[in-house]
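K.L.:
If you're matching them up, the sequences are chains A and B in order. Heads up: the first sequence is residues 1 to 806, going by my numbering. Heads up: the second sequence is residues 1001 to 1117, going by my numbering.
Any given hint might turn out to be false.
30 Å max Cα-Cα, derived DSSO-like pairs, lysine-lysine [unchecked claim]:
hint, chain 1, residue 1, chain 2, residue 2
1, A, K767, A, K788
2, A, K371, B, K1039
3, A, K507, B, K1041
Pulled from the structure, derived: some chain B residues nowhere near chain A, Cβ distances all over 10 Å [what the hints assert, rightly or not]:
hint, residue
4, K1002
5, L1005
6, I1006
7, I1017
8, Q1023
9, V1027
10, I1037
11, W1044
12, F1047
13, I1051
14, L1072
15, V1078
16, N1085
17, G1097
18, A1103
19, R1109
What the hints contain is simulated information worked out from the structure, not anything from laboratory work. From the three backbone atoms N, C-alpha and C, an ideal C-beta is built for every residue, glycine too.
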Amino acid sequence: MKLFKLLLSLAFCGVLFYIGHFGLGTIPPLGKFMNPYSGFWQNETTESFGEQLALDGLSAAVTVHYDAQLIPHVFAENDLDLYRAQGYITAKHRLWQMEFQTYAAAGRLSEIVGADAIEYDRGQRRKGMVFGAENALDEMLKDPVLATRIEAYSAGVNQYISSLEPKDYPVEYKLLNYAPEPWQPLKSALLLMYMTDMLAGGDADLENSNFISLFGKETFELLFPEFLADQDPVIPRERDWSDFGEVTVPIAPASKSGIALVNETLDQPDPDNGSNNWAVSAEKSVNGHPILANDPHLGLNLPSIWYVMQLATPDHNVMGATLPGALGVIIGFNEHIAWGVTNATRDVKDWYTITFTDKSKTAYVYGEESKPINTVIEEIKVKGGETYLDTVRYTHYGPITYDERFKGNGRDHLAMKWIGHQPNSNQNTFLKLNRATDYDAYVDAILTYTAPAQNFVFASKENDIALWIQGKIANKWEQQGKFVLDGSNPEHEWQSYIPQQHNPHVKNPERQFVSSANQHPTDEAYPYYVYDANYEQYRNRTINDFLRALEKVSVEDFKALQSNNFNLKASEALPSMLELLEAESYEALGSAEGYLKTLKDWDYINDKNSLGASVWEAWWTTFYTMTWDEFETSQIAIHWPDSYQTVWLLKNHPELDFFDRLATAEKETATDVVKASFEQTVKSLYELSTTGDSLDWATYKGTYVGHLLQGLPAFSRFNLPVGGNGGIVNAMKKNHGPSWRMIVELSDKTNALGAYPGGQSGNPGSKHYDDLLDRWAAGEYYELNFMKTVDESLAVSFSSTFTPKN
Amino acid sequence: MKRILIHSVLTLMLAVILGLWNQWYTVIIAAGFSSYIVKLKGQWVFFAPFIVIGLDWAIEAALIGAANDFILTKKIGVLLPLNGNTGAVIAVTALLGGLFAGAGSLVGRSFRALQKN
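Isolated chain A, as found in the complex (with noise of 0.2 Å):
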């Protein structure tokens, strides 16, 4: 009985230890997460006060003023401590986001989640991910300075990696039960592919290839035209491009490629990853100072995609919004210039058909040759199972992403060209640009620049204000890789680049002032071929409408433009859908002539408060899925039409085939799909009205800012009361907008301002974790105490000091 007892007592504490220790499928451990003096109490903590810390590698005392911000302003004596000291603080402050983020982009996701992450893993090995990364670390330490600040960088973050006790590990770590490991150099070059999959990951040449053998190249012409009539490309027109000379384009190859239709392909990045800057000179500003300003849309997540930092040696004075992993400043200013950066969109990723040479698909056909595969077996860790194998073929243009084990049409095997496995020196671009104090600085900085693309803006007390748009390009044929390409042909091979040189840029314009928001970055006469499948057609015009208008621009300017709400789509496709609608007809409905009214009487401005806009904005959803419902039942990867093109079409093409409803026998033109949405819209919202919520459009949107671990609800910010949408300046949509807002007056003494919906601290326990959020959800901003010495200790919190170690 004794013994019984014993055994009942041991099973007993024996199951209370394991759900304890281990946890319970989705129950975190609960003894290690719960309990005060190792668990996430340990993490209820806000940062206030400074260290005095010896650190391992310094050769002089790093000095770091925080401010009420919690913006750490690092005074070091050379770079190597300075970037040290980078990697310590940013490690302190966001070592969990900037770890997940590299396993994100490694494709180890499935190690800390488990199996539900095996297919995104997947699909981050067969994009070539790390390849991509190790391709770029390879280059990056062929530079013997920058090798030395990357490792800097890497040990100040294992520095504080290893001062960690479990029980200071960030919350996310002991709520999913796993420690961090070190950090190294690779790390930042993947942090760097992460971005550039972000930004020039996305391409529509399958689905391009799908829409012409559905429905015939003439269509696809019609519903995806390269140039449009009312385009403001990022270089103004008046651009005459005559100094390049003769240029040349490679004519393309008589022959074609086709394939099976393909039904599956990777997940695109958001369309709506983009950003807005612009910069007006010292005659159009106000003050006769230039101004510039940027703000980059991305997810909205927490912590923040953003910290904030001033870095400063005796050399050099910079600020800005960093990206935690990566050196230096990516988007900010220093004493003498200031630069921002839009994504140049651009299909800088194409993708070849492969033909074995035989059944053991070990090598391809490759003209009259054939070249070897090189096999590689991913081998993809999960946590709480098998660890899972994937084995991907490589060609000489980069990895077989589609075969017969993964998406595509499960027979054609695709092999993907993309600038993003190309070896670069990116992250140097950026150092440099740090240091810039000059137009030639500023050219010299990204004269090296691969991807992604960036449409690159610039001002400096000298008042100069130019804008590049600097990535490596293929010098293509007319619609080369708008399409998929046949690998077996060496004609369909990227010929050559565009030469830096030629690349679009523009410096001191007569109109006094540069900007840029993922728009066509040329028109028609530029003499080299340029297409990407999501140009923005809207945000473009409203920016340049808003800086011509005014004779002189000031911050505040600047300020009302980058929260302008005006909603220039609405303006163009609501009065023409609003004519086509025969208000008698809706008698039945009652409140559609209250919502009809609404519309009518709406200024087109998306504000917070407006009902016009969530009228609008319901509608427009209904009308553009109902017009293109074809493609909603498709089994096939199709790309859908752009607004702006959907807009054209209602407009001038309302008996389009499109038009008619796949779910009614009737033969629908635009007219019939503009009242039907109508109606449908009035139904759902009539319904929604009656459950209490109110459609205010803010809360109709329900903007939130969601933790990056799939957005779990306790560490996110839900219900932000803010306006705009997608294509509206202030690009605030549900879960995506401006990241990081960035206004520069480039006077005597800089006079800069920032905002982010974020904070300064990764750790949900921090009152530092999202305490920039509300005001910049109302569009306010925070001054940039740009602290010229480590003296000049402006609204400085704490201070911490870092001394060498003996």
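We have chain A already, so just place chain B on it with the hints.
P.N.:
Using the frame of chain A, we list chain B on its own:
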């Protein structure tokens, strides 16, 4: 009653000392060892360490939370889910600490009983 007091003090002392090791399960060891050394009767075998460790965890948690306005506690209250109620999060913390200690104590007591055989 005296035994209960001695047991409780011993459990708490051991928990504090072993706690330096920073492993949550030291409360199991502390309570188990205490019950091996000090004989308790009936339900006290479970409830004495349950109360003392439960209180220890609750007080420590409340002090930590209060010093930071319960910012994270409220979020954990959403995660668990306990409607973001900080009192409930502290109560669950205490309950878990008590359960672990109580379970450890039962093992210690059973060992003691077996050895007396």
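K.L.:
Take the hints in turn and mark each one as holding or not.
P.N.:
Each hint tested on the structure:
Restraint check for K767 of chain A and K788 of chain A: the C-alpha separation of about 28 Å stays at or below 30 Å, so the hint holds. For the suggested pair K371 of chain A and K1039 of chain B, the alpha carbons sit about 79 Å apart, so the restraint of at most 30 Å is broken. Our distance criterion of 30 Å between C-alpha atoms is broken by K507 of chain A and K1041 of chain B, whose separation comes to about 88 Å. A cut-off of 10 Å between C-beta atoms confirms that K1002 of chain B is not in contact with chain A; the least separation is 24 Å.
With a cut of 10 Å on Cβ distances, L1005 of chain B stays outside the contact zone with chain A, its closest approach being about 23 Å. For I1006 of chain B, the condition that its CB be more than 10 Å from all CB atoms of chain A holds, with the nearest at approximately 21 Å. Remark: the non-interface label on I1017 of chain B is consistent with the geometry, its nearest Cβ contact in chain A lying 12 Å away (cut-off 10 Å). Its closest Cβ contact with chain A, about 7 Å, brings Q1023 of chain B to no more than 10 Å, contrary to its assignment away from the interface.
Under the 10 Å C-beta cut-off, the non-interface status given to V1027 of chain B relative to chain A is violated; the minimum distance is some 8 Å. No beta-carbon of chain A comes within 10 Å of the beta-carbon of I1037 of chain B; the shortest separation is about 17 Å. The Cβ of W1044 of chain B lies farther than 10 Å from every Cβ of chain A, with a closest approach of about 15 Å, so its non-interface assignment holds. With a cut of 10 Å on Cβ distances, F1047 of chain B stays outside the contact zone with chain A, its closest approach being about 15 Å.
No Cβ of chain A comes within 10 Å of the Cβ of I1051 of chain B; the nearest lies about 16 Å off, and the non-interface call holds. L1072 of chain B, annotated as away from the interface, has a beta carbon of chain A within 10 Å; the closest lies near 3 Å. Listed as outside the interface, V1078 of chain B is inconsistent with that label: its C-beta sits roughly 4 Å from the nearest C-beta of chain A, within the 10 Å cut-off. Residue-level check passed: N1085 of chain B sits 13 Å from the nearest beta carbon of chain A, beyond 10 Å.
Not every C-beta of chain A lies more than 10 Å from that of G1097 of chain B, the closest at about 7 Å, which undercuts listing it as non-interface. For A1103 of chain B, the non-interface assignment is contradicted: its Cβ lies about 4 Å from the closest Cβ of chain A, within the 10 Å cut-off. The Cβ of R1109 of chain B does not lie farther than 10 Å from every Cβ of chain A; its closest approach is about 7 Å, which violates its non-interface assignment.
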